[in-house]
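Chains as they are written, first to last, in my numbering: chain H, 37 to 370; chain G, 37 to 370.
To be clear, the hints were calculated from the coordinates, so they are not data collected in a lab.
Values in this document were obtained by computation on a predicted structure and should not be read as measured data.
Please note: incorrect hints may appear among the correct ones.
The following label-pair restraints were derived from C-beta to C-beta distances [what the hints assert, rightly or not]:
no.	chain 1	residue 1	chain 2	residue 2	range
1	H	GLY163	G	SER194	53 to 59 angstroms
2	G	ALA110	H	MET228	29 to 35 angstroms
3	G	GLN353	H	GLY136	23 to 29 angstroms
4	H	MET37	G	SER194	40 to 46 angstroms
5	G	ARG49	H	GLY136	27 to 33 angstroms
6	H	MET37	G	GLU66	49 to 55 angstroms
7	H	TYR81	G	VAL233	21 to 27 angstroms
8	H	SER234	G	ASN111	33 to 39 angstroms
9	G	ARG292	H	GLN285	38 to 44 angstroms
10	G	ALA188	H	THR249	57 to 63 angstroms
11	H	LYS257	G	ASP71	24 to 30 angstroms
12	G	VAL233	H	ARG193	33 to 39 angstroms
We treat Cβ as the ideally placed atom computed from N, Cα and C, and that holds for glycine.
Number of protein chains: 2
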Amino acid sequence: MILRKGNTLLLERGAALVSSAAVVGRKEGEGPLADSFDRIVRDPYAGQKSWEKAESELQKQAVTLALQKANLPANEIDVMLSGDLINQCTPSCYAAAPLGIPMLGLFGACSTAAESLALGSLMVESGAAEHALCLTSSHFCTAERQFRTPLAYGGQRSPTAQWTVTGAGAFVLAKEGALKIKGVCIGRPVDMGVRDVSNMGAAMAPAACDTLTRFFRDTGKAPCDFDLILTGDLGSIGHRIVGEQMSSQGLPLGERYEDCGLLVYDVKRQDMHAGGSGCGCSAVVLAGHVISKMKQGLYSNVLLAGTGALMSPMSLQQGDAIVGIAHLIWLSTC
Amino acid sequence: MILRKGNTLLLERGAALVSSAAVVGRKEGEGPLADSFDRIVRDPYAGQKSWEKAESELQKQAVTLALQKANLPANEIDVMLSGDLINQCTPSCYAAAPLGIPMLGLFGACSTAAESLALGSLMVESGAAEHALCLTSSHFCTAERQFRTPLAYGGQRSPTAQWTVTGAGAFVLAKEGALKIKGVCIGRPVDMGVRDVSNMGAAMAPAACDTLTRFFRDTGKAPCDFDLILTGDLGSIGHRIVGEQMSSQGLPLGERYEDCGLLVYDVKRQDMHAGGSGCGCSAVVLAGHVISKMKQGLYSNVLLAGTGALMSPMSLQQGDAIVGIAHLIWLSTC
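Turn these sequences into a full structure, and let the hints steer you where they fit.
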């Protein structure tokens, strides 16, 4: 049963996150969360002939691991929900093709992990799916090539720039399980006129505030009701903006507020500027670190506001601003 | 209540299609369905500075009209589901931004209209949304620039090539209404190794057959139970393949089988080669022609298998084939 409270959807029974897998690249494997990942693939080509095929390969490996952990064959998955940053979501499409599972393609930029879990959990709760598979990826090299400059330029990065995470996260949802998605708040596109492609955090922060504020208003809950409140990939700039803005709205998030882009790397030691980003960022931090802490009983209630920047190099060249969006899921072991 | 029968989802109550609007370009307005469209925008720029902004403008106009017809303000829409063909779905993102409606971005290539209606109807049926807005577009000029060659080349088109429809279709779904979506079958990606970007119909046809076959198997229904069976945008080549393949599987579709890409243009008179294509193709044919015929009582039960080609220019350059997908919705006035 799904209860609508304003813009927030509460899942009476809850969709269980029964397994997850995170497959990451070398830099992520050298970061502070290395031990929480299932596999570290050091070759940026992952044994493939192109970076795009490598990104697809990371997805395939993450699916295989997540299905193994859930002890489910692919043909028992009723639907997969997947997407990525690359034009026409080809890494996801080519990863899905050999599986033979009904597939819904999503585009939510870096919010895709949260978008897929939001929709997947609604489908499980409503009985539209017995098992749903949510899958997302990003790759530093495919994203740089597409959104910024050819890697061989060795262009200098601005201090506000973020580093696209190389990694894929896969999640299996089912009816029964200890760790549940209990609520969903779908993001609204928010355009604050930010045009700096090297400062995505600032562009996405207002959308994160919009979604968090709506969720707290709709549910009557407060930040202190949660052990961890996470944004997807705002990095240091966006994280500071959200902290300040939520405080000024009377909803201080406090120490429990973290950002996946700041968790995934040791930003100073690894020289990652403003932190990590990309669809894979929140996917692998959730699939690895967060879920393992929840299973250990360290966190009982967690909010993830997966953030995305809706834009393309062409739209920026044509003078459009970066539109932010943030989809929220509420995870609980209670 | 959603009933799962194999891969098919039956909506016990059904999600009502309470309004729709189709806004199209000049060529579509010169075709045989001209009278069924709400607005014909003859300027390919639609008064904007770029074709991409024009595509976004067509979406905005379609939404405005669909909301007017449904007599609903934007803030009574709980969720919008939208997408298009352009990199990072920017026409949809920028059309959504001013509306302030929670938005789920989709990527299903030309199957997006059916994908959005499938997901939207599941959300209404399950109570996740009281009102859902489904929105899709394509534009000949944005698609040619992105997928093929600069228009100024004036490149010769192959006889198997299709013409991307310039148009946007918007649909409002609600609980109560005479015309309902009663079933959904989510597509599986099908890779048959077709690599000819000028023959998308052949690449997508096997996916249409896969989805139609699964729907008939799951429901025990036969083609003769429907007044009209439509594929999204297979054009003449794909239409012929589907007709032959379904017959060889013992499910002849007969005269009731049509394709939106063949309906939208007078293919011979307008010299459209294999017919129309693009996300907007099935969207405007459904929003205009099909729904008006259903309202007139000429059709009671209609199947739409929205077809999509999952690929990008880069994936083809890297040697990948075109993966087809087809999402099915069952519309009924019974």
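* Could you tell me which of the hints above the structure violates, numbers in ascending order? => Checked against the structure, the hints that fail are numbers 1, 2, 4, 9, 10, 11, while the rest are satisfied.
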